[in-house]
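Peer 1: The chain contents come next:
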Amino acid sequence: MAGYDVRGACLALAARLSDPAVGLPAGIDPQELSPPCAWITPREIRDPTLGAAATLVVWVYLITGNVDPADAMGRLDDQLDGLLEVVDPADSDDVIDLAASVILPANPTTPLPAYRVAVDLDL
Amino acid sequence: MALPGTVKKLGPGDLTVGAVGSALDFSGRCTSAQLTWKVDQSDDTPVLDGTTLAGDRTYTATLEASVVQADLTVGDLIDYSWANKGTSVPFTFTPYTGGRSITGTLIVDPLDVGGDVKKTNKHDIKWSCVGEPTLVDNLA
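Sequence order for the protein chains is A and B.
FYI, the working numbering numbers position 93 of the first sequence as 93, with every residue one higher than the one before it.
Throughout, the working numbering is defined as the position within the second sequence, counted from one, plus 1000.
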């Protein structure tokens, strides 16, 4: 079995999104996140190549604070623009879920508005 | 007698084209690879004594692969195939690292570019071999 570095690929994406040029604080541990932010969670490894590479599909949750719906939508739109400047939606799942909501450990009683985007990463 | 060897899934392995020292390894973008054989046979010929003379058989081999399309970087597979179209170059296909390899010579045809928007597109390679490829030991 190939030595896939799922954690490394997720952290690399988090670093790219967190870069000031994009300005989207991102991470893989929801306990360390506070909105506005992006939570990266790995979903599957697919399309292995002869050279032992593969595609890692991750879900990126774009999360904003629990503000009024119109304001939340505007903030999430901005976050989505930032994300799509860095990556494209996954081939296998190019539908962006606009009705996702996330409960972060720091605020366990309040679902937060979120968009969910599946993204392909190289392994 | 039982067959030697064990059943294996394809990969990890290697697929390269070009001369030793400047070979282009595209196995990292190759999602399928196979060496296929085709046989052309002329008609059998009945003869007076009631028997039949078998027709001649000619074998040709083709390297087939699916490769994820990259961004047209200088030196990538598309660039290589366009720059070397129609050229005979050596190739090596190692289905399993550490196992035996297939070597031979093939003619490079230029790869198509493009496909579906917002999708990772693939090239389907079908490069004809010159002569017959051979199985060799311990190249990988």
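Derived by calculation from the structure, the hints in this document are not laboratory data.
Some clues are possibly wrong.
[Stated by the list, open to error] Here are the simulated SDA-like cross-link-like pairs (lysine to any residue), alpha carbons at most 25 angstroms apart as the crow flies: (1) B:Lys1119 x B:Glu1064; (2) B:Lys1119 x A:Val119; (3) B:Lys1118 x A:Ser34; (4) B:Lys1008 x A:Gln31; (5) B:Lys1122 x A:Glu44; (6) B:Lys1119 x A:Ile103; (7) B:Lys1118 x A:Thr55; (8) B:Lys1008 x B:Thr1031; (9) B:Lys1118 x A:Asp88; (10) B:Lys1119 x A:Asp91; (11) B:Lys1122 x B:Leu1003; (12) B:Lys1009 x B:Leu1072; (13) B:Lys1122 x A:Asp120; (14) B:Lys1119 x B:Ala1023; (15) B:Lys1118 x A:Trp59; (16) B:Lys1119 x A:Pro111; (17) B:Lys1118 x B:Leu1072; (18) B:Lys1119 x A:Tyr4; (19) B:Lys1085 x B:Thr1062; (20) B:Lys1122 x B:Val1136.
Computed from a prediction, not measured in an experiment: that's the story for all the values here.
Peer 1: If a hint holds in the structure, say so; if it doesn't, say that too.
Peer 2: Hints versus structure:
A distance of roughly 22 angstroms separates the Cα atoms of Lys1119 (chain B) and Glu1064 (chain B); the hinted pair therefore holds under the 25 angstroms criterion. A distance of roughly 12 angstroms separates the Cα atoms of Lys1119 (chain B) and Val119 (chain A); the hinted pair therefore holds under the 25 angstroms criterion. In summary, the hint linking Lys1118 (chain B) to Ser34 (chain A) is not supported, as the alpha carbons are separated by about 31 angstroms, beyond the 25 angstroms threshold. For the proposed pair Lys1008 (chain B) and Gln31 (chain A), the alpha carbon gap of about 42 angstroms is over 25 angstroms, so the pair is violated.
The hinted pair formed by Lys1122 (chain B) and Glu44 (chain A) meets the criterion: a straight-line CA distance of about 20 angstroms does not exceed 25 angstroms. A hinted pair counts as satisfied when its Cα atoms are at most 25 angstroms apart, and Lys1119 (chain B) with Ile103 (chain A) does not qualify at roughly 32 angstroms. Of the pairs offered as hints, the one joining Lys1118 (chain B) and Thr55 (chain A) holds, with about 16 angstroms between alpha carbons and a cut-off of 25 angstroms not exceeded. For the suggested pair Lys1008 (chain B) and Thr1031 (chain B), the alpha carbons sit about 16 angstroms apart, so the restraint of at most 25 angstroms is met.
Under the criterion of a C-alpha separation no larger than 25 angstroms, the hint pairing Lys1118 (chain B) with Asp88 (chain A) is consistent with the structure, at around 7 angstroms. The suggested pairing of Lys1119 (chain B) with Asp91 (chain A) holds, with an alpha-carbon distance near 6 angstroms, which does not exceed 25 angstroms. The suggested pairing of Lys1122 (chain B) with Leu1003 (chain B) is violated, with an alpha-carbon distance near 36 angstroms, which exceeds 25 angstroms. A threshold of 25 angstroms between alpha carbons decides the hint, and for Lys1009 (chain B) with Leu1072 (chain B) the separation of about 31 angstroms lies outside it, so the pair is violated.
For the given pair, Lys1122 (chain B) sits about 15 angstroms from Asp120 (chain A) by alpha-carbon distance, which is consistent with the 25 angstroms threshold. For a cut-off of 25 angstroms, the pair hint linking Lys1119 (chain B) to Ala1023 (chain B) is broken: about 29 angstroms separates their Cα positions. A hinted pair counts as satisfied when its Cα atoms are at most 25 angstroms apart, and Lys1118 (chain B) with Trp59 (chain A) qualifies at roughly 17 angstroms. A hinted pair counts as satisfied when its Cα atoms are at most 25 angstroms apart, and Lys1119 (chain B) with Pro111 (chain A) does not qualify at roughly 33 angstroms.
Proximity of Lys1118 (chain B) to Leu1072 (chain B) is assessed by CA-CA distance (about 16 angstroms); at most 25 angstroms being required, the pair is judged to hold. Between the alpha carbons of Lys1119 (chain B) and Tyr4 (chain A) the distance comes to roughly 23 angstroms, so the proposed pair stays at or under 25 angstroms and holds. Between Lys1085 (chain B) and Thr1062 (chain B), the direct Cα distance comes to roughly 16 angstroms. Compliance with the 25 angstroms bound is thereby established for this hinted pair. Proposed proximity of Lys1122 (chain B) and Val1136 (chain B) is contradicted: the alpha carbons are some 29 angstroms apart, above 25 angstroms.
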